[in-house]
Amino acid sequence: MEPTTLSATQPGKQYVVKEIKDEARLVNRLSSMGVMCGSQVEVCENNKKQPVLIFTRDTLVAIGREAILCLPVPMKKSSPRTILLLAMPILFLLWQMPPS
Numbered sequence: 001m002e003p004t005t006l007s008a009t010q011p012g013k014q015y016v017v018k019e020i021k022d023e024a025r026l027v028n029r030l031s032s033m034g035v036m037c038g039s040q041v042e043v044c045e046n047n048k049k050q051p052v053l054i055f056t057r058d059t060l061v062a063i064g065r066e067a068i069l070c071l072p073v074p075m076k077k078s079s080p081r082t083i084l085l086l087a088m089p090i091l092f093l094l095w096q097m098p099p100s
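For the sequence shown, this note's numbering gives the first residue as 1, with consecutive numbering after it.
No wet-lab data here; the hints were simulated from the structure.
Everything numeric in this text was worked out from a predicted model, so none of it was measured.
Where a beta carbon is used, it is the ideal one built from N, C-alpha and C, also for glycine.
Errors might be hidden in some of the hints.
Computed Cβ-Cβ distance ranges for the label pairs, DEER-style [stated by the list, open to error]: (1) N47 x P99: 53 to 59 Å; (2) R29 x S7: 17 to 23 Å; (3) C37 x M75: 18 to 24 Å; (4) A8 x N28: 24 to 30 Å; (5) Q96 x E45: 56 to 62 Å; (6) Q96 x M1: 45 to 51 Å; (7) R25 x M97: 56 to 62 Å; (8) R29 x T5: 15 to 21 Å; (9) P98 x Q50: 54 to 60 Å; (10) K21 x T59: 19 to 25 Å.
In silico lysine to any residue, SDA-like type, Cα no more than 20 Å apart, as pairs [as the list claims (entries may be wrong)]: (11) K49 x T4; (12) K18 x M75; (13) K21 x S39; (14) K21 x Q50; (15) K21 x G64; (16) K49 x A67; (17) K49 x T5; (18) K13 x Q40; (19) K13 x L26; (20) K18 x M36; (21) K21 x Q40; (22) K48 x A8; (23) K18 x M33; (24) K18 x E2; (25) K13 x N47; (26) K18 x P72; (27) K21 x E2; (28) K13 x K48.
Let the sequences and hints guide you as you build the complete structure.
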């Protein structure tokens, strides 16, 4: 799968950064915010002729549309264990309720 620029990404999807294609100053600034090769980002907004808004490590960053090459993160299926772990607090509350 070929990496694409941020201009070809879709809002709400997650991507892995493969390359930062700009000057060293921008690379240093982005890495200080946690955006570096191998990091995962979520695209929040991708409007034409505007910077792309990405979210990573509790930070919202506006960045040029051609500055980063990235790959989409494949969706993982939820395992039965994950579903059980998410349901545990509800089951615990139901168990503590007095019988009616």
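Quick rundown of the hints versus the structure:
| no. | hint | verdict |
| --- | --- | --- |
| 1 | N47 x P99: 53 to 59 Å | holds (55 Å) |
| 2 | R29 x S7: 17 to 23 Å | holds (20 Å) |
| 3 | C37 x M75: 18 to 24 Å | holds (22 Å) |
| 4 | A8 x N28: 24 to 30 Å | holds (25 Å) |
| 5 | Q96 x E45: 56 to 62 Å | violated (43 Å) |
| 6 | Q96 x M1: 45 to 51 Å | holds (48 Å) |
| 7 | R25 x M97: 56 to 62 Å | holds (59 Å) |
| 8 | R29 x T5: 15 to 21 Å | holds (19 Å) |
| 9 | P98 x Q50: 54 to 60 Å | holds (56 Å) |
| 10 | K21 x T59: 19 to 25 Å | holds (20 Å) |
| 11 | K49 x T4 | holds (17 Å) |
| 12 | K18 x M75 | holds (18 Å) |
| 13 | K21 x S39 | holds (15 Å) |
| 14 | K21 x Q50 | holds (18 Å) |
| 15 | K21 x G64 | holds (10 Å) |
| 16 | K49 x A67 | holds (14 Å) |
| 17 | K49 x T5 | holds (14 Å) |
| 18 | K13 x Q40 | holds (10 Å) |
| 19 | K13 x L26 | violated (24 Å) |
| 20 | K18 x M36 | holds (8 Å) |
| 21 | K21 x Q40 | holds (17 Å) |
| 22 | K48 x A8 | holds (10 Å) |
| 23 | K18 x M33 | holds (16 Å) |
| 24 | K18 x E2 | holds (10 Å) |
| 25 | K13 x N47 | holds (15 Å) |
| 26 | K18 x P72 | holds (10 Å) |
| 27 | K21 x E2 | holds (15 Å) |
| 28 | K13 x K48 | holds (17 Å) |
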